[in-house]
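The residues making up each chain are set out below.
2 protein chains.
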Amino acid sequence: MNRQILVVEDEAPIREMITFVLEQNGFNAIEAETIEQAQAKIKEPYPDLILLDWMLPGGTGVKLAKSLKQNEYTRSIPIIMLTARADEDDKVKGFDAGIDDYVTKPFSPKELIARIKAVIRRVAPTALEEAIEFHGIKLDPVAHRVSINDKNLDLGPTEFRLLHFFLTHTERVYSREQLLDNVWGTNVYVEDRTVDVHIRRLRKAIAGEGHEDFIQTVRGSGYRFSGKTKDRV
Amino acid sequence: MNRQILVVEDEAPIREMITFVLEQNGFNAIEAETIEQAQAKIKEPYPDLILLDWMLPGGTGVKLAKSLKQNEYTRSIPIIMLTARADEDDKVKGFDAGIDDYVTKPFSPKELIARIKAVIRRVAPTALEEAIEFHGIKLDPVAHRVSINDKNLDLGPTEFRLLHFFLTHTERVYSREQLLDNVWGTNVYVEDRTVDVHIRRLRKAIAGEGHEDFIQTVRGSGYRFSGKTKDRV
DNA sequence: AATTATTGTGACAGTTTCATGACACGGATA
DNA sequence: TATCCGTGTCATGAAACTGTCACAATAATT
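Chains as they are written, first to last, in the working numbering: chain A, 1 to 233; chain B, 1 to 233.
Hints in this document: simulated from the structure, not taken from any laboratory.
Everything numeric in this text was worked out from a predicted model, so none of it was measured.
Incorrect hints may appear among the rest.
Repeated chains share a single entry, so a pair holds when one copy, or any two copies, can fit it.
Unchecked claim - For lysine-lysine, the following DSS-like pairs were computed, each having C-alpha atoms within a straight-line distance of at most 27 Å: (1) LYS66 with LYS138; (2) LYS117 with LYS63; (3) LYS138 with LYS41; (4) LYS117 with LYS41; (5) LYS41 with LYS151; (6) LYS204 with LYS138; (7) LYS41 with LYS63; (8) LYS204 with LYS41; (9) LYS204 with LYS228; (10) LYS63 with LYS151; (11) LYS228 with LYS138; (12) LYS228 with LYS117; (13) LYS117 with LYS151; (14) LYS228 with LYS151.
From just these sequences and the hints, can you work out the full model?
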């Protein structure tokens, strides 16, 4: 519950003030002065939220936001932009890059905290960090670990994401294309059939533990992850 | 409950922004750049809603909307049009084509989400994704599953669509031609008698569970799916 | 009853779709 | 540099699905 927040802000006094406010409110602050520093710090464990200054040396914050959004792992980290100008134009540019909210400088600590909590509340239900359990399959996104009936299971990155997606989207058919969009990411040019192969690899890994067929083929439509067996509904 | 939304928009940044916003709000986004792409993606599993840009290469969005409204299966998918111009004229054209709502660019994420939820709420009762139950027969379009008295039943794609159509159109006679149009799709040249064969296959699958004849032959006219038996009316 | 029109049924071949193993490429690592 | 691992693609064979036909069965008509 102790959320980690990355503060990307080049002006030291402001950065320190923010950090102070955050920690006063039970958050865990990480600081970064530049885009490069920020990128270096955005890796496991991923921060729960990023406070991003609009004006940064070496490029605008939007640039960073865009690059974060392209990565499967960082895509869902919410971003709050800090901007000096309440300029409408900037807001549009920011939303292009997938900004979740804005705080206009100067801002009060209360406002900042309120916005942060609002964003976290909104994103929390679909947060990547929640551990999942489903019919004996446990997946811990933070530890990046999967076990089936308490027996450890190691998967490649793609299989891990695929399983993660399935575990959070059970009992529903997904076409290959939808799986590509959701697991590989949009704007990735990969053959449809590639999904089959990864399905196979995931199946193999799971089945190794002598289990029912969780991943079901729905001919002509796609695949479905289900706890229900073939006969019983 | 995880709704699928198809975003048809040629400009990548806008499309990605929309996708991002949708996913932040618990929706499942599918992307399409052109009308052709959109049409290719509008098949099972059908999206729950379509966000459609007004200006698209190769024809206006209205064109796509019209064609969707002509097909039995896609007819009830709600459409929200994205338009740059708040032009009154365009709105009229759109409503002709069966548009459910408008969002004028530029729009805020909040507004977009609000409109989507409003439309879904309005349309939900007849939503395609709703599971259907009829005299012990259950069909879940989302999971792509059929059961009869809680016993799983597996059907081929055509039989599934046929049953789906019947379950949503009971107590009424349909000619072979009408069935072809609705289940196979228009512009498909297939022999009338092919319907008979698929009717037979579907009957066999259902009857395997020792059931009354849901599918009734109306000599000279076609078939009818009914809960009433032959003798009782 | 005989004839005709319509529908039921089983078989079949062509096509589509999927599972599977192999393989090559590229990045990371030692 | 050599090696390993993950990944995407392909070839192949198996299985499922589909449309059509021929003929049997049934209903309507004369």
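Status of the hints after comparison with the structure:
no.: 1; hint: LYS66 with LYS138; result: neither (31 Å within a copy, 45 Å between copies)
no.: 2; hint: LYS117 with LYS63; result: within (24 Å within a copy, 31 Å between copies)
no.: 3; hint: LYS138 with LYS41; result: within (26 Å within a copy, 33 Å between copies)
no.: 4; hint: LYS117 with LYS41; result: within (22 Å within a copy, 37 Å between copies)
no.: 5; hint: LYS41 with LYS151; result: neither (31 Å within a copy, 39 Å between copies)
no.: 6; hint: LYS204 with LYS138; result: within (17 Å within a copy, 31 Å between copies)
no.: 7; hint: LYS41 with LYS63; result: within (16 Å within a copy, 31 Å between copies)
no.: 8; hint: LYS204 with LYS41; result: neither (32 Å within a copy, 29 Å between copies)
no.: 9; hint: LYS204 with LYS228; result: both (18 Å within a copy, 24 Å between copies)
no.: 10; hint: LYS63 with LYS151; result: neither (42 Å within a copy, 54 Å between copies)
no.: 11; hint: LYS228 with LYS138; result: both (17 Å within a copy, 15 Å between copies)
no.: 12; hint: LYS228 with LYS117; result: neither (38 Å within a copy, 31 Å between copies)
no.: 13; hint: LYS117 with LYS151; result: neither (35 Å within a copy, 42 Å between copies)
no.: 14; hint: LYS228 with LYS151; result: both (22 Å within a copy, 12 Å between copies)
Hint check: violations occur at hints 1, 5, 8, 10, 12, 13; the rest are consistent with the structure.
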